[in-house]
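Engineer: Please model the entire structure based on the sequences and the hints provided.
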Amino acid sequence: MNRFRVSKFRHTEARPPRREAWISDIRAGTAPSCGNHIKSSCSLIAFNSDRPGLLGIVPLEGQGEDKRHVTHLGCHSDLVTDLDFSPFDDFLLATGSADRTVKLWRLPAPGQALPSGPGLVLGPEDVQVEVLQFHPTVDGVLVSAAGTAVKVWDVAKQQPLTGTATLANPSWAAPIWTAVSLFLCGDMSFQYVSKFHVCVAKPW
Numbered sequence: 000m001n002r003f004r005v006s007k008f009r010h011t012e013a014r015p016p017r018r019e020a021w022i023s024d025i026r027a028g029t030a031p032s033c034g035n036h037i038k039s040s041c042s043l044i045a046f047n048s049d050r051p052g053l054l055g056i057v058p059l060e061g062q063g064e065d066k067r068h069v070t071h072l073g074c075h076s077d078l079v080t081d082l083d084f085s086p087f088d089d090f091l092l093a094t095g096s097a098d099r100t101v102k103l104w105r106l107p108a109p110g111q112a113l114p115s116g117p118g119l120v121l122g123p124e125d126v127q128v129e130v131l132q133f134h135p136t137v138d139g140v141l142v143s144a145a146g147t148a149v150k151v152w153d154v155a156k157q158q159p160l161t162g163t164a165t166l167a168n169p170s171w172a173a174p175i176w177t178a179v180s181l182f183l184c185g186d187m188s189f190q191y192v193s194k195f196h197v198c199v200a201k202p203w
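For the sequence shown, counting from 1, position 11 maps to 10 in numbering that gives the first Met the number 0; every step adds exactly one.
Simulated restraints on C-beta separations:
hint, residue 1, residue 2, range
1, Ala-13, Gln-111, 28 to 38 Å
2, Cys-33, Gly-73, 20 to 30 Å
3, Ala-155, Ile-25, 32 to 42 Å
4, Arg-9, Leu-119, 48 to 58 Å
By construction, these hints were calculated from the structure, which means they are not laboratory data.
Using N, Cα and C, we set each Cβ at its ideal position, and we do this for glycine too.
Structural biologist: As structure tokens, then:
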């Protein structure tokens, strides 16, 4: 008997959707940042546009013209370096920027007007915000890294959960959450990983 099993996915291939389902004329931009330039929730897609500080917002689902209609959100006065949707709220978007601030946006359902201002502003930091990410299992907890400073934010209280952690060298890579730990990777020239123990207490 052959000891190698044939994969049932051996004939699987990716097929692009029909042209009618494409999202065209998005005016996406390229940015000198190691953060995310496009993120999706279960309802919306957000991406960096060709103008600094401006994000394109488009519904994830839709048909015909509604699918291809892109609206633009003026987020920051400088380049958007990273963005992330809350895993608990499809319409809560966090953005970090070279203007040294983190902003949280309450986006409307598709077809409604975008907000004229953020719901919350965190910072400013001493240098530009490089990466940010929501906690995957705890609602309202957000980490941001700016230079060598790392902060874990309580969004509801609008303040850091603890004092600012300091890295030996700047962190440029996306943070990785586990159940009780936070990992931050340095860039390729430093070749190190920083680990932080993060305990989020829940009220009884």
